[in-house]
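**Student:** Residue strings, one per chain:
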Amino acid sequence: MKHLIEIYGWPLTTFFSACVGLWLAILIVAPQFFMAELSLRFEDRGDRLTQTVNDLDVLYRHKGTMEYDLEHGPACNTMGMINPMMTDDSSCAQLGVEGKLRLEQQILETEDLIQSLLVEEQNLKEIKAQQYPYSVKNYTAMTGLHAWTLTKTVVFALTVTLIALAACYPVAYALALRSGPVKTAILFTALFVPYAVNELMRIYAWLTVFDLHGLLNTLLAIVGFAALASDEVIVWYRFPGTVLVVLVYTYILFMVFPIYNTMATLDPNQVEAARDLGAKTWRIHWRIIIPHTKPGIAVGCIMTFMLAAGSFSVPHIITRGLQPKWFTQLIYDKFFESSNWNLGSAYSFTLLLICILFILAIMAIFGVKLRQLAR
Amino acid sequence: MRGKEVVLDKVSAKFGDFTAVNPTDLVVNAGEFFSILGPSGCGKTTILRMISGFLNPASGSIRIGEDIMTGVPANQRPTALIFQNLALFPYMSVWENIAFGLEARGVGKTERRKRAMELIELVALSGEEMKKIDELSGGQRQRVAVARALAVEPAVLLLDEPLSALDLKLRQHMRAELRQIQRMTGVTFIYITHDQGEALTMSDRVAVMNHGRIEQIDTSDRIYDHPSTPFVASFVGENNILRGRVTAIENGIATLESELGSLRGRKAPELAVGVDAMLFVRPEVLKISEQPQSDNSVAVKPVRRDMEGAFVNWVLSAGKRSLVAHLTKAADAGIDHDRSLHIEFAVDDAIVMASGELADTGGQDDEASD
Ligand SMILES: Nc1ncnc2c1ncn2[C@@H]1O[C@H](COP(=O)(O)OP(=O)(O)O)[C@@H](O)[C@H]1O
Ligand SMILES: [Mg+2]
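The listed protein sequences derive, respectively, from chains A and B.
Note that our numbering has the first sequence beginning at 1, numbered continuously upward.
Note that our numbering has the second sequence beginning at 1, numbered continuously upward.
Pulled out of the complex, with its shape left as it was, chain B reads as follows (with noise of 0.2 angstroms):
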């Protein structure tokens, strides 16, 4: 395995008196497939140039490998950055831009060509060497991108938004293909986006970030169901949001004296009696039905059902709150709109966590189109 682990070490940056990203304690595991998912402006690209050596942390310090990166210019680190433009060179031809970095090294010509040849072959691109690289189209040249970036053997690939445009049909295929190559080479992956389908189906860990602050670090499924803060929880995923006050907790059950009722849910660490709290409850958790069979439930008029397939949405109000919520075929057969409804859910299904800043649901409504 070609990887190396990289591990930061209290590592913040400024911009003048702006602190762009918080001291941040971060180990990423040699040939991991990483991926650093927040909302634009969070800080991503910030730690990202960091680790490549082009900005250098305010305070803290990173590792890779055995190696303390502090005092070593970007072009003698052991890693590559795909940037969020790609920023391949126009003026040189497929191979040549493949061949770069072995080019900076020294490597004769027979032998560069030789490399790219075989990275053209890795990348799925033979036969188009000698394009130039505004005579390919977006997936091509995303490819041209990896494969000059993995030309120069790094031990971290650091990917900063590399799919941002293409289109969604190909977008999907390049993330298969993305984590093709991270198995085939073993290189260590640091991928940053602000799109949670790819950093949840792509990597092997995630990390949530917001306002230069990383608010979770754990595996795609741990994210989607045990987020650990308000923003996780709203920002992945779509989750319905009651808020309300702490009457009592119990077996790691807390009750929420919410605006629509008492209602019930797992605890989340470190929460207390009396204090302001959220409940999370997920869409596809919520079951319909006209009497409810536990006392976990509220009282709803349907506003309006959408057909999506596989799921069917529901929108429902509930005094001036409005609950989303998705069935599958079968459990929406039986469910009469004229009829007086109640949702209801387990109580292991939802979580309640103090109160905090929620994800801005721009974001979300960008994610629904997607």
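In isolation and in its complexed conformation, chain A is listed as follows (with noise of 0.2 angstroms):
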């Protein structure tokens, strides 16, 4: 702090702390408490208060119609169109003096039930109130289903981490050893420029790949094991290996770059003296460079872990629906569908503790401290 004020002078200095706490305070901090104080709070869709609110809301709807109808005879022919519910004529007839009489008698009735409906939600949650609103039922609620779902988005973002490490270390360390700084400035050229494109249109462009009528399917149509015009095609959007091809790709780039920072930071001199003492090439990579490189695979596999495990447009785009969701896609459902943010706060810190989960046992296994990842 000292240190930055010195190179910026107070006024800025202070500025800088200030703009970096709202960002803390309005991106970070607000939105995981809201969701955490949200995962907390129980919310029993059988209970007799949900209950009782569902009914209000029927009840005032009903009403609605009624008095529409009262107003402006039943809805037939409202704006110029057709309503194509209503084929038969003859319920589109002007209400008489006694259907507007019964109408309005159905009308009180309904207002009465509301009150009453009322007085009791209004009961209900004063019950709520006095009890204690927080349990951990919605961590535990989980579903057998829900569960098996979970680990297999986990394995698959286990296997894209093995993957892109498999992938991406002989890559890092040609860049980084092997190769003058023509080659390897051509190299990063082609490693970044499909990154230049949008990771939406990354995905979509993996669609003409395995679409039926796609690259895949024509080059097997071409070696004559399949028949576009029969449509005798292999479905590939069936196969969960699409999805984990297709996360390779979009995130090997957040494997190499680690990998290859840390690997370009090796004195050459020291593969070379391993060399010279008689060690063939396995072992200059098991004892120099892969120990000089850990801090660079750890912040790789993390980072390609959790961008996998919480991946929501590759598995939505690439499965069309023709396989079963990842977990991701089901915190959305929570959110979105069926609007339960309490349950899909849940699930969301679920994921979110198992990818700690992940960085500690990568950091035991590497035997990296935090201060060393963050180099």
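Do not rely on the hints blindly, as some may be mistaken.
What the hints assert, rightly or not - Quick list of in silico lysine to any residue cross-link-like pairs, SDA-like style, CA-CA up to 20 angstroms:
| # | chain 1 | residue 1 | chain 2 | residue 2 |
| --- | --- | --- | --- | --- |
| 1 | B | 169 | B | 123 |
| 2 | B | 132 | A | 292 |
| 3 | A | 280 | B | 109 |
| 4 | A | 125 | A | 51 |
| 5 | B | 131 | A | 292 |
| 6 | B | 169 | B | 124 |
| 7 | A | 280 | B | 104 |
Unchecked claim - Using C-beta positions, here's what the derived DEER-type ranges look like:
| # | chain 1 | residue 1 | chain 2 | residue 2 | range |
| --- | --- | --- | --- | --- | --- |
| 8 | B | 17 | A | 14 | 54 to 60 angstroms |
| 9 | A | 222 | B | 17 | 57 to 63 angstroms |
| 10 | B | 76 | A | 4 | 53 to 59 angstroms |
| 11 | B | 252 | A | 267 | 49 to 55 angstroms |
| 12 | A | 195 | B | 17 | 36 to 42 angstroms |
| 13 | A | 234 | B | 17 | 54 to 60 angstroms |
| 14 | B | 40 | A | 195 | 40 to 46 angstroms |
| 15 | A | 267 | B | 40 | 16 to 22 angstroms |
| 16 | B | 40 | A | 155 | 28 to 34 angstroms |
| 17 | B | 76 | A | 223 | 43 to 49 angstroms |
Everything labelled a hint here was simulated from the structure, so no lab data went into it.
The beta carbon of each residue, even a glycine, is placed where N, CA and C say it ideally should be.
With the hints as a guide, bring both chains together as one complex.
**Tutor:** Right under this line is the structure:
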């Protein structure tokens, strides 16, 4: 802090600190706190309060319809459009005096019902407010199916991480220790160009490969193993491998970079010294290069795992609904389909917890400290 | 004796179009302490890398003992290289570093450890074997590097300016130690340095190199007393240099018509009358007097007198030239500043060579500050 003040002077330093504080508060702490709070409130969709609220909802709607009918007659020709549901012309008839009276009567009854339910809701709310609001039920209530989905997502993310590591280590090695500056520049450009394209576009591009009449099937057709015209093709979207491939492709840079960065700091003389002392290639990797590159490998694995486990767009776009959902898709559904933010938050935190466990495991395996990771 | 002979047969090295080492013939005897001395960038490391197998010669071949090394990879040569920056392995302890070569050869752990401990004793590091490299001092690291290289029992040890990172005192101490280790083990040492003090004190023989070419290979004494090129004469030790034209050669004595008058010195081989030449005379053979004993003398004015301890350094001017003389205390005692003075030297103490490239005096200043 003192150092910063020396460089920027105190007004700028204060401004920077304030910005960082604001960012932390608004975009990190507040939402996380909000979600954590939500996840600890269990919303029992079968309890009496929820039922009462639902009943009230229905009654309000019912009453509204009746009031409308009273004023305009039953809906059959609204705003010049024919109501397709009302094929029978007779139901479209004007309400008689009798009908109106009956309707008014019904509205009054409904209002009474609403009043009594409101009282009940009020009572139930008071009771609930007196109860202790928090529980871990959202976390423990996961069904077997969802737990299985979570397990599968984690296993897939681990697989993606391993594939990416296996693919990236040689690439990083070639970039950092085996090629001259010109070659490195070319290879880097080649790695970067795809990443200039929007992530969604990159994922969609794979559809042209996996599609029913896409690249793979066309190639198969050329060799004679498929027929495009009669749709005798392989439905690639059914295979979990497709998601793996696209995930690896999408996040590979996050693996290459940290590994390359640490590897590039290795003194090439170390490698030569080891070779000079008679070491074969695998021993040089095992004893010299990998120990030096450990922090980079750890960071790469952590980033790739978290991105893969948390990826929504890739499974969403690639599976086309032909594979079981990923855990991220379940979370999405909880939030935006069944509007159960409480459970959604709990699911998110469960995933976060697994990611944190993964980080700790990686740090233990590689014997690296947090300080080294930050390098 | 473990050491083997190293023979370079017209070996050259190129980086693209740039010739780093011109075709070079060199014979390093088995068990010899051989130094390659030259300014930085002259191609010393390149030669070492070719011997150790990290760089393929553009032409020629290298033989170690009976074996031609062409096509033999670095990890199968009977050499061990000590890098300029040592390149110790930071993730290993001292003894693991030393035993790494044995590990690579599949020696079991107990045996490895035993051999490492012997070497640790040899290089006087007992008690430090479990430490990590970054817990050691510069001199200790140096010793680890030597022990690590010796552990694989090389026939030839290649050392690339290994002492350059140490301070002066430690450097002088390590010189003696390296020399002793070389004697004890009998391994052929090829030692690279830009520091002439190092090369002259330690070596059986020295090769002086410039611009990818070896200019002279000789013992330290002969390099100092009988330099064979102007570069060697100006790079090794200090020299007063006078330019002129050769007017006569008689009985191995050349007469140079110089800017400071006619002076004589030993004739270098292949010197002919009429060529542009340089006369080299070392500061310590100059005598200063009021009345010169011979005509091989120049009238001078004193500029400065620096007391250096055993020697007194005089800076003198003669015309536009500046000359340096190192006098013993006794010789210095009788000199009177205010009189007109002369310097003179014995004909045999000076050498006359055809003009050629001189060493960058920047290097000399470097040496002076050592
Ligand atoms: N890998 C390389 N690529 C291109 N030029 C090089 C390379 N290595 C060395 N050189 C050049 O070759 C010359 C000799 O280098 P080097 O043998 O390292 O000199 P020294 O060890 O005597 O200081 C220098 O001019 C250097 O710039
Ligand atoms: Mg060098």
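**Student:** Which of the stated hints cannot be reconciled with the structure, identified by number in ascending sequence?
**Tutor:** 9 and 16
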